[in-house]
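Please dock the two separately framed chains into a single complex, following the hints provided.
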Amino acid sequence: MTNKNQSFEDKMKRIDEIVVKLDSDDITLEESLNLYKEGVTLTKECDDILKNAQLNIEELTKDDSDGE
Amino acid sequence: MTKDKYLSVNALTTYIAEKFVKDPYLERVFVQGELSNAKLHSSGHLYFSLKDENSQIRGIMFQSQVNKLKFRPKDGDKVIVDGRVSVYKGNGTYSINASNMILDGIGQLFLQLDENIKLLRSEGLFDEIHKKPIPKFPRHIILITSKTSAAVKDMLTAVERRFPLVKISILNTLMQGEKSKNNVIEHLKFADSLNADTIILSRGGGSIEDLWTFNDIDVARTVFELNTPVITGIGHETDTTLVDYVSDLRATTPTAAIEHAVPDQISLYELIRNYEYSILKHMNLKLESKLNELDSVKNYYKFKNPSSLYDQQVQKLDHYSGQLEHKFNSIFTDKKHYFESRKSQIFNIIKSNKIESYQTHVNRQDAQMKQLIKYQSDKNKLRLKNNIDLLDSLSPLLILKRGYSYSTIEDKVITDIDDVSVNDMMKTQLNKGTVWSKIIEVEKNDK
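If you read the protein sequences in the order shown, they are chains A and B.
Taking full-length UniProt numbering as reference, the numbering of the first sequence is continuous, increasing by one, and the terminal residue is 68.
Taking full-length UniProt numbering as reference, the numbering of the second sequence is continuous, increasing by one, and the terminal residue is 447.
Isolated chain B, as found in the complex (with noise of 0.2 angstroms):
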């Protein structure tokens, strides 16, 4: 054995990798398999490798082709590969240099429900704008659903055992299958024109194909149309479908549904406990509240100080009845001040003029009366002393000293014999004394 008989690693690994290139079949191959090991390099390259159940080989995809994509690829996608199969000298491996990469069967069908949802969302079906309240307290739901399904029957039981109080209509309909689709566009219109309270549609989980309807974009646009509120729970909580972002509310099974669509008796009886103790806590709060009020009022200072009310105008009053006083004083000194002025004036004037001359002409009168009268009593005390002395010297009693005599009949002097008759008393005066005669005889003097 010669030593020219070896190849150096690097002049096999070229031979190999001629051979590659110059293989016809080799040159553009389409390869189906699963992904695994991908891997997205920093530079952008994908580096991953491509199995099935018994074999595997390695791929690239340089970054310009990788940002063609439309998905972006992770273990266990099903792929479709383009490319060629090339050698890399660097450590002897050969690998498939993939020009384009898309998603196998399922797969595509996912791509296909990317776009729907791009598209829906871009046209703002999955707005929360359009999504419809469901009642609080519904009367009637209509449940779209295979009535043989496990759905149909978890869903009864939980509306028995959460909300009995509540009209349960079920459309039987085809959840899946080619003829899926129609029926259940049909029956969520159907649903739509009944007026019920909230729509269910539901189905329990399946393979991805089962539950295609629901990511079909027409029953999606059916959805979003409808008036009634509707709740979708499709399949297993890991399956979102297309008519999940349209729906009202989307639940994550047909049981969680229904405990969107009715409220639950155990919480409703607490609620209204809640209530029949709000309502009493409120209404004692409100009494005890106005009871405060009462005492407030009661023991407002002016009901329990009376006077307070009062007092003010009181001293308003008093103070009042002090100005006045004072005023009135002041007023009264005034005028006092003038009427005495005024009085001292006038008997000022009275003094100096008046009184004074009436008072001389009093005086002087009276001093003349004075006079007159001593004059008149001097003149009547002289002629009444000179009457004295001409009465005595004509008194009778000289005349009866002279042995003269004069006689009275009761009180009457007799001058005439006519004034004396038989038995009269005659009073005769004598100087010293009286003598009492009876008449006896009268005489006339013969003529």
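For reference, chain A alone in the conformation it holds in the complex (with noise of 0.2 angstroms):
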């Protein structure tokens, strides 16, 4: 079901997918009870990455790229 490698976006288009999904007339009810668990997790999961999340800088110079 939901895997915590995915990317925010992953999982926000995911969430997108099983609101379609769910509102499309040719799925099971056990299909859509499924995919309601899946979108509860998931939304739960991407307001923890938001809340936790911590702006990440950095400056690149080009020479030192180039060093690599």
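Simulated from the structure, these hints should not be mistaken for laboratory data.
Check before you lean on any hint, since a few could be wrong.
Said to hold, decoys possible - Covered stretches of chain B (chain A as the covering partner; in silico rule of three or more C-beta atoms under 8 angstroms from a C-beta of chain A):
no., region
1, 148-161
2, 166-173
3, 281-292
4, 313-319
Here the structure is a predicted model, which means the values were calculated and not measured.
Quick reminder that beta carbons are idealized off the backbone N, C-alpha and C, glycines included.
Next comes the structure, spelled out in structure tokens:
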């Protein structure tokens, strides 16, 4: 179901997919229950990711990187 | 003072006009100044004033020259005008009759910019089709800017406020001056090699000259060729540079560039809440619709009235069995009729033939038999009478009447002396009775 390594973007995309799928008529009740669970978990994870985010700033210099 | 000292206005103006015409310095002048009161007459002639801080001069450019201009003159333009000075006698003014007009300094730069814009547009570099989408949730953004600028501070503040999830790399770059162009080009290419999600090329406001790097055609072509989506945020809202046309997205300011580059976490939280709500809503709707489905199935009339499942069949059965009975009856009737008709045929045949003849035969036999029986019976009766008569004549009773008797021992008629033993009880039948005797002695006749 949910994957801790998924990026925030992937998770948001997945949630969007889930909403669209849940809205469609051609899924079974069981499928929709699974999607529901997954969706709720993902929204919590996204919340947590945003809450815990800390801006990461670095200064690049071209010469340093050339040396790599 | 005599009156002939006085010149007519026309004479004076004509004289002055002659002076202007004959003066070699005024035959062709190059004047620089700022345009004001520029007005294109419906005739196509351009009327204007040329001014500097202290003075101004009127000017006119005739339609044929106006049509050759590479720019549309407007108030405030710094221009260089090439022309001659002449007098217009009608209102006694002198003006510069411009044969050519070009933009001066920065104006010339803008003219060059216009040409570059036309060129790149004609090459299709501005076409929407080349605009790469800006990632919605970037993980890595590279800022090409001066690290000491106000722009960079604005941008970092905006990122921290909006979307601290992203990693920001700053490529400290010369954003103005002679070396700026190469430095910007180099850093753009380098940034493109780092596989970031977005590159932001940004500097704060400045003079037109300060921003000129970003009107450079080579810088613009470099921006166009990058594989990474580029957002430009150069100068103030009113400044549009050449790179703004070729970048994937033009932001009006550095802060606006960040606003385009990253989502706002407040709206993200809102979005997540909306998602939560939608998920819940859809789930509930789904459950509700499944429940409704179930209900409608439960209420399906065939389930509610199971007899409806077989009512039809029962009717059919009745119908068929009725048909069957009817068929059977009709067959039976047919057969019965057939049987009856055969039967009566047979009877008729029997009646007409055999039975009648047998009957007659039987009757005849019967009559014969009766006759015979009567005959036999009569005959026997007669014989019986005769026999009785005979018997009567032979009856022992008659013999007994004549004094004879017969004796029996144990119902056996005694005819021989050997039939009798001493002490036997002998029964003797006489005419009118019976005598019982006990044998005392037996004497046999001598031979």
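Taking the hints in turn, this is what the structure says about them:
Counting residues of the region 148-161 of chain B whose C-beta sits closer than 8 angstroms to any C-beta of chain A gives 3, which meets the bar of three, so the coverage hint holds. With 7 residues carrying a beta carbon less than 8 angstroms from a beta carbon of chain A, the region 166-173 of chain B meets the three-residue requirement, and the given coverage holds. Remark: the region 281-292 of chain B is confirmed as covered by chain A, as 5 of its residues place a Cβ nearer than 8 angstroms to a Cβ of that chain, reaching the required three. Coverage of the region 313-319 of chain B by chain A is violated. Counting CB-CB distances below 8 angstroms, 0 residues qualify, and the rule asks for three or more.
Hint compliance for this structure: hint 4 alone is broken.
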